[in-house]
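Trainee: Starting from the given sequences, assemble the full structure and let the hints guide the process.
Here the protein sequences come in this chain order: A and B. Residue 180 in full-length UniProt numbering sits at position 180 of the first sequence, with consecutive numbering throughout. Residue 81 in full-length UniProt numbering sits at position 81 of the second sequence, with consecutive numbering throughout.
This list has only true hints and no planted wrong ones.
PhoX-like mimics (lysine-lysine), calculated; alpha carbons at most 20 Å apart, straight line:
id : chain 1 : residue 1 : chain 2 : residue 2
1  : A       : Lys16     : B       : Lys96
2  : B       : Lys87     : A       : Lys16
3  : B       : Lys96     : B       : Lys167
Output of the computed footprint for chain A on chain B, the stretches with three or more beta carbons under 8 Å from beta carbons of chain A:
id : region
4  : 3 to 14
5  : 58 to 65
Rather than coming from a laboratory, the hints here were simulated on the basis of the structure. We put the beta carbon where it would ideally sit given N, CA and C, even for glycine.
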Amino acid sequence: MSRPAHRRPEYQKINKDLFVLTYGALVAQLCKDYEKDEDVNKYLDKMGYGIGTRLVEDFLARSCVRRCHSYSEIIDIIAQVAFKMYLGITPSVTCNNSSRNEFSLILDKNPLVEFVEELPPGRSSLCYCNLLCGIIRGALEMVHLAADVTFLQDRLKGDSVTEIGITFLKKLDEKKYRRKK
Amino acid sequence: MADAVLFEFLHTEMVAELWAQDPDPDPGPGVSAGPGGGGGGGWGGQKMSLSVLEGMGFRVGQAMAERLPRETLAFREELDVLKFLCKDLWVAVFQKQMDSLRTNHQGTYVLQDNSFPLLIRMSSGLQYLEEAPKFLAFTCGILRGALSTLGIKSLVTASVAALPACKFQVVIQRC
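Mentor: Given below as structure tokens:
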């Protein structure tokens with residue numbers, strides 16, 4: 001009995017292509033609608049935020065992660081579980097400061113840009129993958145963690161790597177999460 | 001490996017932008033100020049519209065059809081192309097086959113999906129019926145784009161009688 005069609009490897013790849021192609025069409029459309037790169041970036045971030053607030057539930061339902069006790073545990077889960085689950089990649093993690101609330105995700109491969117060779121002309125400040133920043137920010141907010149998420153480096157802009165910076169801010173709802181000693 | 005959910009979430013977010021209309025101070029003559037998606041570019045400040053979604057779907061459909069494994073590049077007849085869409089394309093995009101395909105053998109095809117994945121999460125029955133077209137525009141574009149790659153010019157529209165079942169009507173455009 002052969003495997004059902006949608007489980008064959010070529011169809012799984014096509015399924016990933018669907019998301020990447022749709023995302024590309026979205027960015028192209030936004031570039032038509034907005035002249036300024038900052039506006040496109042903001043819009044992508046906003047849409048990502050909306051997706052992230054819902055994606056986090058999907059993620060928690062599928063992954064059964066334990067409760068985290070530190071920011072670095074959370075970052076590890078984002079890099080090793082979430083990115084792996086949804087995009088099939090595992091970014092590496094670095095911690096950027098001694099107070100351990102600033103981290104970076106270094107993306108060696110990035111499926112979102114698979115069909116993108118370079119940024120369109122006149123779009124040198126475009127953060128093509130800004131949706132990802134919004135997704136991470138929205139997802140974290142749903143678990144009561146406020147964070148700033150931006151691209152620190154971008155291969156599409158000529159940097160050597162693509163790096164997403166995540167800075168945890170004060171917890172949104174500290175009272176609720178104060179542990180009873 | 002990316003889940004189908006990423007696409008579903010992205011699609012939902014794109015459709016949601018249809019509802020977030022920019023206030024347009026001067027909509028111009030003949031444009032009604034009613035809610036919901038009017039098809040096409042008559043809406044001044046609206047960033048997404050049904051035709052924009054359909055256009056994006058078209059580009060994606062074109063690219064998807066190029067990537068699908070095909071036994072032969074040339075189909076024997078038009079009906080084979082539609083069957084290919086109902087089986088292979090639908091499985092690749094929605095992990096299921098189309099539930100039925102009907103034709104009048106004169107260039108009109110009706111493709112029916114009884115539980116369309118992009119409508120399933122919304123509701124069942126008649127609730128949100130007027131919102132349903134927004135969720136079908138992109139997919140109509142995918143169908144039209146895939147047909148275009150396979151050498152067929154068409155017009156694709158969709159209709160919903162009761163969620164989550166919907167019908168896609170494909171009318172072949174002959175020169």
